[in-house]
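Trainee: With chain A's structure known, arrange chain B on it following the hints.
Quick mapping for you: the protein sequence lines, in order, are chains A and B. Numbering-wise, UniProt numbering puts 165 at position 165 of the first sequence, and it's gapless, one number per residue. Numbering-wise, UniProt numbering puts 126 at position 126 of the second sequence, and it's gapless, one number per residue.
Since the hints were derived computationally from the structure, they do not count as laboratory data. Here the structure is a predicted model, which is why all the values come from computation and not from measurement. No false leads were slipped in.
Listed next, with one range per pair, are the computed distances between beta-carbon atoms:
(1) I44/A x G87/B: 50 to 60 Å
(2) A304/B x T22/A: 49 to 59 Å
(3) T113/A x G114/B: 40 to 50 Å
(4) V40/B x W43/A: 49 to 59 Å
(5) V103/A x G114/B: 45 to 55 Å
(6) V184/B x L26/A: 21 to 31 Å
(7) E59/B x P112/A: 30 to 40 Å
(8) D98/B x V24/A: 53 to 63 Å
(9) L192/B x L249/A: 18 to 28 Å
(10) A36/A x E84/B: 46 to 56 Å
Residues of chain B placed beyond 12 Å of chain A at every Cβ, according to the derived structure:
(11) A77
(12) L93
(13) M100
(14) T105
(15) A141
(16) L142
(17) T198
(18) D201
(19) A205
(20) L332
(21) R333
Quick partial rundown of chain A residues pointing at chain B, CB under 7 Å, derived from the structure:
(22) V124
(23) L139
(24) V254
(25) G262
(26) L266
(27) N269
(28) A273
Don't be surprised by glycine CBs; every beta carbon is placed ideally from N, CA and C.
Spelled out, the chains give:
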Amino acid sequence: MKPLTGRRGGSSPKTQRRWSPTAVLLRVLPAAALVALALAGPWITPHAVDEPVTAPFAEAGGGALLGGDQLGRDVLSRVLAGGRELVLSALLIAAVVTAAAAVIGAIGALRPTVGRVVERAADVLILLPAVLGIMLVALSWPGGGRLAVAAAAIVLGLPYAVRLVTHAAAPVAASGYVEAATAGGERLWFLVVRDVLPNLRATLLALLGLRFVEAVYVVSMAGFLQVGPQPPAADWALMIRENSPGILLNPWAVLAPSIAVGLLALSVNLAAAALVPQTGRKAVTLL
Amino acid sequence: MADQLIPDLEEPTSLSAVPAEERSARSPVARIAARAGLVVLKRSVLLATLLAVVFIGVELLPGDAASATSERGESTADVDRRRETLGLDRPVLERFWDWMSGLPTGDLGTSAQGEHVTGLLTSAFPNTLVLSGSALLLTAALSLSLASGAALRPGGRLDRIVTGMSTAVFAVPEFVVAVVLVLVLSLWTGWLPAVTLTDGDGSPASWTMLVLPALALTVPQTGWNTRIARAALADEARAPYVEAAVLDGLSPRRVVLLHVLPGALPTIATGLATSSGVLLGGAVAVETIFNHPGIGAVLASAIADRDTPVIAGVTVLAGAAISVVLLMADLLRDLLTVGQR
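Here chain A stands alone, though its shape is the one from the complex (with noise of 0.2 Å):
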């Protein structure tokens, strides 16, 4: 049997690989430092976003490091500067929605009813591909802008989620000690706050990981379907988009926000996927 059962799906704690704190902390390092950068990035462009200083499309060289865009502004600059709202609105997506999802997943670990409710949601909300809730509240919702694609996306995003609080939290749910609790008519919201997501604090966490590398994904397609920010804004999804006609005369306009998005993805899923609980093989496997 011994070839076959991987560590990674061994479900006695033992098989399970253990990250220590100092193997999670140097996953986590890459995705802050880079988060860090795309919030600073506005204060510390060399050149002004909006103003051109080379030809369009200009190649990398002399004053512009990275060369100019299609309207012969400062790639570099621009990079610089457009990352921190794609951040920031992925940021406030992973908070919304960890926090939602944390406080109705343990009703529906405590109520079966509620999260009867939410598996159907779910079900039906599988059906519409992201992509395309987000092009429909955006386009009713004229001047929504980045509020629209926000709030889409937590609508979109908030079902998942749940489930996978509501699947978490069950077990705690049906311990002895909520179960004494209600038995001695504590209040839904006493069990929720006290009993219940205290237990669930590593689950929470990866699921905030999760939702930003979530977020992360739907707020550039938003933005590269030029559903959320318009232009001029210096958006590195906007940015792909804007200058792909010139790919040949300027890679770097296309590459540099293109590896922007690329990294920031990558460095926070790894990050993310440090923070998953190590010790449930239910958690590791729906994760």
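Mentor: Quick look at chain B alone, frame taken from chain A:
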């Protein structure tokens, strides 16, 4: 990707409603047929619910097709007149009934520009289906072979590389993958065309133009599905009959392919099915980059025109396509687990 991070790996609950003795009394064929009917019914109800939610959601948000398409300097009376032409002044329920009752006949309503949505989509949607369908097949083949290869030697070098890579790539947006692929495989090496050109009938002129877009869709999804397949294989490897096969002295390759893989297939199929939505969504962005003649182009102009009815029409078709894939996964799971029930 919303549906992805937590795939629907749970068993459906509908079967448990039928008592065990009643199930065993019927012939297997009748049982499978009844079960298939239930699954079809469930999927249809879910799809109808989604359409209702979409329609109502669009209604609840501020702005309608008439005001969204208004041009600068247009008077309120003009907008009102167009609202009347588009029938937007009628009660919501009446319009909802019209829209829903038109769906079975293939009528997807009228766009804000006054065209039939069905006509706008008939030439474009098949191209998108071919693109995301081939990406789904490619994903299935790649993730199955990578995961089986990794499962042969758990903890070995291949397993570590596959696990690490699949975790890394699944969150990278398709359009970023597409940009990198274009740069490397098209502009720098010149191996594949960077832009899709169309024939007279509106389909891609050559199959080589399908390779790059399909690859861009496949890479992130392969990452995701390899993870699911790897985990499902590891779960299945702990089953007693697998242990028996190993004790019988069968080679690891034989055990993985003939004993572990069949048991893991239902889970893997469900994981792949949940990919179909992401593939369709990602196709929209990827088509934009490659100028592929699919719904991406239709949606791009719909965004420019703020044309919600077109997007609702695309949602109907996408929802139906995803329902079919999920239905096939449901049926496959039933078929493979029929002996165990």
